[in-house]
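With chain H fixed as given, assemble chains U and B onto it according to the hints.
From first to last, the protein sequence lines stand for chains H, U and B.
When we follow our numbering, the leftmost residue of the first sequence carries the number 1, and every step to the right adds one.
When we follow our numbering, the leftmost residue of the second sequence carries the number 1001, and every step to the right adds one.
When we follow our numbering, the leftmost residue of the third sequence carries the number 2001, and every step to the right adds one.
To be clear, the hints were calculated from the coordinates, so they are not data collected in a lab.
Don't take each hint at face value.
[What the hints assert, rightly or not] Not close to chain H: a few residues of chain U, all C-beta gaps over 10 Å, as computed:
#1 A1037
#2 R1086
#3 Q1093
#4 A1094
#5 P1116
#6 Q1154
#7 K1174
#8 M1184
#9 S1196
#10 I1255
#11 V1278
#12 T1284
[What the hints assert, rightly or not] Label pairs and their calculated CB-CB ranges:
#13 B:R2148 x H:I110: 21 to 29 Å
#14 H:D112 x B:E2015: 16 to 24 Å
#15 H:L5 x B:R2063: 27 to 35 Å
#16 U:R1086 x B:P2237: 53 to 61 Å
#17 U:P1105 x H:L40: 53 to 61 Å
#18 B:P2270 x U:A1082: 50 to 58 Å
#19 B:M2084 x H:L20: 43 to 51 Å
Backbone N, C-alpha and C define an ideal beta-carbon position, used for all residues, glycine too.
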Amino acid sequence: MLRYLRRNPSLTFGASLLLLLLAFLVIGNFVVDTEDARPLSVATVQPPSWQYPFGTDRQGRDLLAVMVAGTPLTLRIGFIAGFLGVGIGSVLAFIAAYYRGWADTIIRGIADIGLTVPGLLVLIIIAVSVKGSLTVNQMAIVVASLAWLNPTRTIRAQVLTLRERGYVEMARLSGMSGPAIIFFELMPNLLPYLAATLVNAVSSAILASIGLEVLGLGPLEAPTLGMTLYWVNYNAAIINGWWWWWSAPIVVIVIVFLGLFFLTVGLDEVANPRLRRQA
Amino acid sequence: MTAFLQLRNVRKTYGGGMLEHSANVALETLSLTLDTAKPQITAVVGESGSGKTTLARLMLGLTDATEGQVLYQGEDITRLNAAGRRQFRRDVQAIFQDPYGVYNPFYRVDHVLTVPARNFAIASTRAEAQQKIADALRAVGLRPEEILGRYPHQLSGGQRQRIMVARALLLRPKLIVADEPVSMVDASLRATILASLRNLTDEFGISLLYITHDLATAYQVSDNILVMYRANVVEAGAVEPIVQRPQHPYTQLLIGSIPRVSTERTSSKGEASPRATVNDATATGCRFADRCPAVMAVCRREAPELHRSEDRRAIACHLQDTSPTLPAGDLSAVLT
Amino acid sequence: MTPVLQVQGLSVAFEHPLGLVRAVDNVSFALAPGERFGLAGESGSGKSTMALAILRMIRPPGRIDGGEVQLDGKRISHLDEDGMRVLRLAGIALVPQGSMNSLNPVIRIGRQIEDAYIDHGLKFSRAETDSRVGELLQTVGLPAEVARMYPHELSGGMKQRACIAIAICLRPKVIIADEPTSALDVVVQRQVMETLGRVQQELGAAVILVGHDMGLMAQFVDRLGIMYAGRLVEVAPIARMITNARHPYTRALIDALPSLEHRGALKGIPGLAPLLRDLPQGCAFHPRCALATDRCRSERPEVRTMGEGESIACHLA
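For reference, chain H alone in the conformation it holds in the complex (with noise of 0.2 Å):
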């Protein structure tokens, strides 16, 4: 295992990313008090200091427990998002490649005619048609009302290879039903793809989220990443020279997705071993 990840630095570099991430999430949950992410609990507009590390926002919050406290929230959106995303995808990605005929001209029909509408447009009309304010898990809901059309696409483009397969007639020959061939003949062999994919679909989540809560669609009392950049808009941050108020979500949100970019590629090498490095 320590072998390959040798080989695989994408994979090695991505998941060292974000366990250092993780790692500073953890010990901060110790060591900073989250209540401190709220408005009005610090003093304001505070350059880093031993004090406040990563400085405090005009709204009185200790960024340092933003970011602690935020991120989590923000991570929680896109895996949920992206979980479900692939989730739905997949289903109807193997029924649609699977059985195909007027089951795969359906879902092809309604996942093409999805991927064509400008995604964030649409989440926008959902998030402002919502009453109120969004909580993080509605944001999750809506995120992943789109997240499965892509999914849907390139696994059932996965599939459609796979079913041609030898072994795949072998098992139809074997007396094995649809359901059965699907899950333990062709799922088994998608496993590397499908988590590659998943990792795609969480960062795609992620991003959509973002992009939702910079635009002030979000849940406006959670500290996330994204709606700190929304007050960080709001408050003129940019102008007023408060550079360490924009630079902390930005470096996080980096981080963010180059692990999760990396990740992806090291498992896009897991699935196609004719993409692997030689020893």
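Structure of chains U and B alone, referenced to chain H:
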């Protein structure tokens, strides 16, 4: 008595929808009956594109016929109920050409033996099933302790091929459709595997449809032969007369082109340029006309029907127009 | 007469966690100019590795472990990569296994032949190039239009002949054809082999035909070498090989071929080819040999020359 497996005027085409040019014929209309009362080996010989694989897939129910019906025990296989389907799958098994793709890389090779063993309930207890699997492996010259528990990539191509034969043996079907079962195997091993297949017929009474492009092995192991060219059966019947005294120009060409292990060197007479790979459904005339040394005017106009030129030989060629036509084009008459 | 190709003691080894594996073990043979030499053996015998080793195209984890190759009397086994590049195609050409998949699918055939010229530093005018390519295609029996076509537009046999055209474009002295007809049907196979034979004769080049089809060997080659477990166990003129082979493995191979003359028992060779990393003691073939003696089981037979261009590695010969 209803026949075991019957192909009635079966034809398979691809494409030909509104926006495409005319359909491509994968298998031209064919009628054939396989009777299990007298188990025998029937070879289907042809190049790629001849339709032999399509024939196999139709018989296995992996593809549906565009015209005509495939009947199992008198019933159309596309209309079988679940129990009928199960019985069909139990009675008709396959050995595929590719000893790599048929194994799911995720599972050990046992998977390909245990799954059908369980689904077809070949034994009442797990121990009995294990015993039968071990016996089947031994029957093809493999040692169970060396094979079971391994992953496909850990075994050689020849071993994987033999596991497929063991699987067929394990299930004791009435008919085995073997599509190029030894093409990927070395010459020395080929003979051994074919001998074990011949044994299946002689000792266990299992009929075999042996699909191959290798006429020599077909000659050695089969009782009957169907020679196919571009979706048509051009010559069919008992294997000895057809190989020793081929009548159809294509069969003659095929046999003449096989390199013999002899000190005598033969040279070709310079055949025509390569042929098309698509069989246009709307084209008329014999498909071999372009390459036929004995081509006549009628050959380009009309596709020849099957004639019975001998008691055990059917041939589709205008050269045989004086012989009686084969009733209903049913090949069973010459394949006893 | 100087042999055009001389291989002496060539060995190729692969690093394997369980030990060093000799895919080619101390193989020696000589090729006369214009001669057709067959290299036959089953999968794992080392014949393809041999062909690649002559061209120094063995990649890690394999490496050439010893021996020497001489082309026209000049040592080539010590040349560096640049020196070998000049030789490949111009001195020794390869028609690789799966030739049909060796053609670049997005480049026209004519251009691929041109590339061979350009890679070897030959630049001609447009007219000159076109004329050369046209002639080449004609030599292999392809119509001139093929130059403007893409590989997928050609049939299997035509693609194979296109590969032969590329192989002969620089008029090499030796052509190595590695199973050139394995994916082709019997009728096309014959056409392609005749094409190969004809161009070889016109060029005066020697051919090494690597394969496992003894029938094909019988019809094409002048001399045949049999490989087993990495060693060249017998070399003899083809006529004698067919009628009176010395090595039991050769005889068994010929017997294993199904005949078209009469139906009889199918004769295989019992047992399996040995694992190269776990060769038996003594003669590698003894577990499968009906004539094995105690000496065969303990002592490995050395290769002995039996006459001009003939050799045998067997205690019983």
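Original post:
Tell me, which hint numbers fail for this structure?
Top reply: Violated hints: 2, 3, 4, 5, 13, 14, 18; rest satisfied.
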